[in-house]
Amino acid sequence: MATIDEVRDSLTSFADSCNENAQLKEMNKDWNRTIEVHATDLGADFTIVTDNGAVTSTDGKPSTAADMIIQADSEVLTQVFYGEVSPNEPYNEGTLRVQAPEQDILRLDFITAMLWG
Amino acid sequence: MGLEIDNSSKTEGSDAMPTALGRHVAPSQANEPVPTTSELKRTLGLRTVVSTSAGLTFASSTFLVVVFIGHSLAGNASWIPITIAGLLCALAAAAFTELNGMYPSAAGIRLWLQRAFGEKMALVTSLSYMSVVALVVGTEAYVLSNVLTDAFPLIPPPIWIFAMLTLATFANWRGTKIAGALQDVITYSVITSIVVFSVIGLSHAHWSVPTFTHPGSLATVASMVGFAIFLFVGFEWVTPLAEEVKEPRSIPYGMFIALGLLVVCYSLISTAMFAGDHSALFGAPSRNPIPHVTFANSILGNAGRIVMIVTSLCMSLTTFNAGLLSVSRFIYASAREHVLPKKLEHVSRTLTPVNAIVTVYVLALAVSMFVCVTHQYIILVNVAAATESLIYAFAAACVFMLRRKEASTARPYRMWGGLWLPAVTAILFLSVGIGVFFTDTGFNYWGAGVILAAVAAAWFLYIHFIVAPRKARIKAEQAAKRQSRRPVKPKVEEPKDEVPVD
Chain A
10 MATIDEVRDS LTSFADSCNE NAQLKEMNKD WNRTIEVHAT DLGADFTIVT
60 DNGAVTSTDG KPSTAADMII QADSEVLTQV FYGEVSPNEP YNEGTLRVQA
110 PEQDILRLDF ITAMLWG
Chain B
1027 MGLEIDNSSK TEGSDAMPTA LGRHVAPSQA NEPVPTTSEL KRTLGLRTVV
1077 STSAGLTFAS STFLVVVFIG HSLAGNASWI PITIAGLLCA LAAAAFTELN
1127 GMYPSAAGIR LWLQRAFGEK MALVTSLSYM SVVALVVGTE AYVLSNVLTD
1177 AFPLIPPPIW IFAMLTLATF ANWRGTKIAG ALQDVITYSV ITSIVVFSVI
1227 GLSHAHWSVP TFTHPGSLAT VASMVGFAIF LFVGFEWVTP LAEEVKEPRS
1277 IPYGMFIALG LLVVCYSLIS TAMFAGDHSA LFGAPSRNPI PHVTFANSIL
1327 GNAGRIVMIV TSLCMSLTTF NAGLLSVSRF IYASAREHVL PKKLEHVSRT
1377 LTPVNAIVTV YVLALAVSMF VCVTHQYIIL VNVAAATESL IYAFAAACVF
1427 MLRRKEASTA RPYRMWGGLW LPAVTAILFL SVGIGVFFTD TGFNYWGAGV
1477 ILAAVAAAWF LYIHFIVAPR KARIKAEQAA KRQSRRPVKP KVEEPKDEVP
1527 VD
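Top to bottom, those sequences are chains A and B. Its first residue numbered 10, the first sequence is counted upward by one per residue in my numbering. Its first residue numbered 1027, the second sequence is counted upward by one per residue in my numbering.
With the rest of the complex left out, here is chain B (with noise of 0.2 Å):
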C-alpha cells in the first residue's frame, strides 16, 4: 500500500516486479551512496520477515487493549477502529520503506530523525522512545506474572516478575537471540491459537454478533484507533534484517503480509470475546490484567486455560526478547557515541554489553514491581500506544523532510503520494496519538500525556545541557588527535598540464 518500488536496485535475477504495491519509478538520479558489485550472503526468507514482523507484536498486554476497545464501542465492532489501524500502519509501513531503502540501518528511526530533523531531535525522540520500550518490557513482565500466577497459584506475581526477567537477561547477557526457524514456529503457533480460539469462541456465541457493524459514535471510533496501533507496536522492527534477506522486497512484503495477519488475529478474537455473553467475564480492564486467560476457560475449561497460557507465554517471550535487545543496545550504542556515560559501553567476554544489559533490567524490574504494587498498567499501555503513534508519525514526517532535503538520494522504494500523503500520514498519526490522552478526563489518559512529556523533557534537557556540550569538547579533542596519530599528508604538487586562468 502506497510504495512505489525501483527495480534498478533490486537483486541481480529477481522477477519481474508485481504491481501490487504500486506503479515502478524510473531509475532515480542517485549521488550516495555508491553501491558495489558485490554480492552478500543472505539467508532470510519472506516467511521469516513475516513472523518475525508479526511476532515482534504479539504480547499479552495487546488483550488489554482487545478488551478496552470492545468495553468502549457501542457494540461488538472493535475489528473497525482494529482495521482503520492496520491501514494506517500501512502508510507507516510505506514510510519504513522508503527510509530504509534510503538508509538501511540498525539504526533505524535514530539515523533517520537524523538526516531530517538533526542530531538533537534525533536524540530526544529515540531516547524517549526506548525509555517507553523500556516501561513496556516492565507491563509486559507484570501481565505475563499475572498469567504465571493462574497457572501455579501458589507462586505470586513477584517472583514471576523477578524469575522471568532474570532468565531473559541472563540469555540476553549470553547473546542469545530467537533464531528465525524458531521465530517461525512461535509466530505461526501464535496465530493459530488465535484464530482456533476465535473460531470456537464465535462458535460457543452461536456465531452470532448482531452489533457488528455499530461501533457507536465516530469521535469513540477515532480515540479507539489510537489504542488500536498498541496491537501493532513492533512490526516495523523487522526493518534491521534488511541486509539478512534473499530477496530486499520481502521487507516490505513482509511488513504488508505481518499486518494484514494482525488485523485478522485481532479483528477475529476481539469479536468472539465480546460475542454472547463472553463480555461480561471480564469485568473493567483495569480490574482484570488476564481477560485472554478468562476467555479461553470460559469456552474450553482447564485446557483452553492451559493453551491459552502457553500461547501467552510465546507472546511474551518474542517481546522480551525483542525490548531486552533492542534497548539495551540502544543504550550501548547511546555510551559509543557519547550521549549516554561512558560505563555503560562495557563489553564483557561473551561481547555483549554487559553494563547496558543490567541498567535495563533494573529499570524493567523497577516499572514491573511498580506495577505489581500499584495496578497502575493501563497507564503504561496508553503511554506506549500514544508514543508509537509518534513515532509513526515522526517517520512519515521524516519521509516528507528527506523528500525536500535529500531529493537526489536514491530510494529503492517511494511512498506514494509525492508530498502529501507523508504529510497527511504524520497528521493523522500525530493526531491519534495525542487522541490517546483526552479519552477521558482519567488519571490514566492525563496521566500518560504528562509522563510522556515528562520523559521527552527530561531527554531534552539532558541532550541541550551536559550532551551537546560534551560532544563539541570529544570533537575537538578527536580533530587533535587525528592531527598527531596520523602521517602528515605529502603535498600534492599542482598539475602540470592545467591551463591558467588569466
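Chain A with its partners taken away, still in its complex shape (with noise of 0.2 Å):
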C-alpha cells in the first residue's frame, strides 16, 4: 500500500513528463480531458486536467462531471503513473478499472507508451 503522498507525486511525475514531451503535447492538444483518479484503499481522491496539450494534477474531486474515472488501490495507482508498469496489466488483471469511452482508455495508454514505452 501507497502513501497519500507517494500517489500524489506518481501523478505530479506523470503530469510533468507530459509537459516536458514537445511532441506528445502537440498531439494532446485536441484532448481536453478531466480525469478522476480515485485511490480505493485510501478513499482519496484526485483530478488530472489536460488542456491545450498541458496536464495539471491536483487533489480533490473535479468539480465539474469527469470524463474519465479511474480506480484502483494506492500501490497499482502509483506504480502506473510512476511508469512501473503498463496500465494494460494491471487493467486485464481487473485491479485497474477505468470508466470512460474506449477511444479516452486508449488514448490514455498510448501517452504513458510514449512517455515510457
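Since the hints were made in silico from the structure, they are not lab data. No experiment lies behind these values; they were computed from the predicted model shown. Heads up, some of the hints might be wrong.
Taking lysine-lysine pairs in the DSBU-like style, the calculated list, with each CA pair at most 35 Å apart, reads [claimed, not checked]:
1) A:Lys70 to B:Lys1501
2) A:Lys34 to B:Lys1497
3) B:Lys1368 to B:Lys1146
4) B:Lys1146 to A:Lys38
5) B:Lys1368 to A:Lys34
6) B:Lys1431 to A:Lys34
7) B:Lys1368 to B:Lys1497
8) A:Lys38 to B:Lys1431
9) A:Lys34 to B:Lys1272
If the Cβ cut is set under 7 Å, some of the chain B residues that face chain A in the computed set are [stated by the list, open to error]:
10) Arg1136
11) Glu1269
12) Gly1286
13) Val1290
14) Ala1359
Idealized CB from N, CA, C, for every residue including glycine.
Both chains are sitting in their own frames, so use the hints and assemble them into the complex.
Here you go:
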C-alpha cells in the first residue's frame, strides 16, 4: 500500500513528464479531458486535467462531471503513474478500473506508452 | 432473459426497474471495487446500443449461413434453428451482462477469463479468438469483393479485396470510428432492407410456405443451431460501451432487443429465400458466395440487385470497422503486456497503433487472397461459427467459476439459475460448437476443427514457452526498477496507544 503523498507524487511526476514531452503536448492539443483518480484503499481523490496539451494534477474530486474515472488501490496507481508497470497489466487483471469511452482509455494508454514505452 | 438486476447500483434518478428480465436481487455484500459517487459524462442511449449490437453482427457472409441452413433442413424451417440459436445467445447475453457488471472493461473476455481461469487460459483463448476474427474479416472481404464484382464486372475480386482492406486500414490508421448516429442509420437501414426484401420475396412466392414447421431430424436441427450462432457473432461486442451509456441497463436491454431483431430479420429472409421456387436459385452454398444478390435480382430485377449490393456494403462496413479496430487494438494491448513483440506497441503521430494495424492488414489481405484463390470460404465460416459458440461457452463458464471464486464481488446484474444455468449454458454452447465439426464428413467440417485446434495449440505453446518466462523476467525487472526509482518510504512508527499483548 502506498501513501497519499506517494500517489500525489506519482501523479505530479506523470503530469511533469507529459508537459516536458513536446511531441505529446502537440498531439494532446485536441484532447481536453477531466480525469478523476480514486485510490480505493485510501479513499483519496485526485484530478488530472488535460487542457490544450498541458497536464495538471490536483487533490480532490473535479468540480464538474469527469470524462474519465480511474480507480485502483494506491499501490497500483502509484506504479502506473510512475511508469513502473504498463496500465494494461492491472487493467487486464481487473485491479485497475477505468470508466471512460474506449477511445479515451486507449488515448491514456498511448500516452503512457509514449512516455515510458 | 435469465437475468436479475441489482438496483443498488443503478444511476441516480433512474426509474424503478421493470421485472421483464427477472426479479430484483438484494444489494450485494460488495467488497471491490469501491464505487465512487462521481458522475461520468455519458452520451449513448438505448437506440444506439441496439444498433451497435445488431450492427456488429450484420455481415455479407451471414447469407452464406442462411443458405446453408436452408439447404440442410428438410423443409423451409430455418427459423427454427435460428430462433433456438437466438435464445441460446440470450443466455450468453445474460452471462456477458453479469461479467461486464462485475468487471466493466474494454478487455472484456480477456479479463473475465483471467479472473476465472488464470492468465494462461485467458491468453490462449483470447489470442485464438482474435486470430479467428482476423479470418472472418478475410472471409468477409472475399464475399464483399464478389458482391462488388457483380456490380462492376470489369473489376475482379482481388482488386476489390485490396482496395477495400486498404481503405478500411487507412480509416483505422486515422483513428476513424463509426459514430453512434451513423451506426444507427446503417443498422436500421439494413434491418429495413432485409424486412422489405423478405416481405417482397414471400409475396413473390404467393405467401406459400408449406413446410414451415418441418425441419427434418432432430440431429439436423441441433447441428444447424451451431451454424446459426454465426448469425449472432459479435452482438456482445457492445459491452465496452457500458461506460458511455446514459443508463447502465441499456446494455443488457440493448443486447436482448438486438437479438430479437436479428432472429426476426434472419428468420424472415431465410424463409423468403427458400419460399416457392427461390431455393433453386442458389445452388450449393460453396458455389455461390453472393446468394443474397441472386435472390434480390430474382424478385426485383436490377433495382433489387443494386439495393441489395448497397445493403451488403453497409453490412460489411461495420464488420470491417469493428473487426480491424478490435483485432489491431487487441494486438497492441497484448504487446503492451509483453505477450506479443514490442514492435507492435508502436504508436503513430495520429495516436493509433500503426504496426498492429499493418499486421492485421497483412493478415486479412493474406486470408482473403487465399480464399480468393482456393474458394475455401465455407471452412472459415465454420471455424468462426464453432469458435463463437466456444467463446460463449467460456463466458458462461466464467460466470460459473466466478460465482464460486468471487462470491462476494458486487454484481449489478445477475444471471438467473444459480450455478446450474451458467453450467448448462456452457455445456450447450460447447456441444453446438463441437457439433459444427461433426455435421458432415467433408473437409469443410473436420478441417475447421483441425484449424481451430492448430491455432489454439500454437498459441498455447507460444504462451507456455515464450511468454511465461518473458513475463516472469519482466516482473523481476519491474520490481528492481521500483526499488530504485521510488522514494524510500518513511519508517512508520508503532502506534503508542496500542494495548501490548502478553
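Evaluated hints:
1. A:Lys70 to B:Lys1501: Cα-Cα ~32 Å, so holds.
2. A:Lys34 to B:Lys1497: Roughly 32 Å separates the two Cα atoms, so the pair holds.
3. B:Lys1368 to B:Lys1146: 19 Å, holds
4. B:Lys1146 to A:Lys38: 39 Å, violated
5. B:Lys1368 to A:Lys34: 24 Å, holds
6. B:Lys1431 to A:Lys34: Roughly 44 Å between the alpha carbons, so the hint for Lys1431 (chain B) and Lys34 (chain A) is violated.
7. B:Lys1368 to B:Lys1497: 13 Å, holds
8. A:Lys38 to B:Lys1431: 45 Å, violated
9. A:Lys34 to B:Lys1272: Given pair Lys34 (chain A), Lys1272 (chain B) holds - Cα atoms ~31 Å apart, limit 35 Å.
10. Arg1136: At 6 Å from the nearest chain A Cβ, Arg1136 (chain B) passes the 7 Å test, so the hint holds.
11. Glu1269: 5 Å, holds
12. Gly1286: 26 Å, violated
13. Val1290: Violated, because the Cβ-Cβ distance from Val1290 (chain B) to chain A comes to roughly 29 Å (cut-off 7 Å).
14. Ala1359: 5 Å, holds
Checked against the numbered hints above, the structure breaks hints 4, 6, 8, 12, 13 and satisfies the rest.
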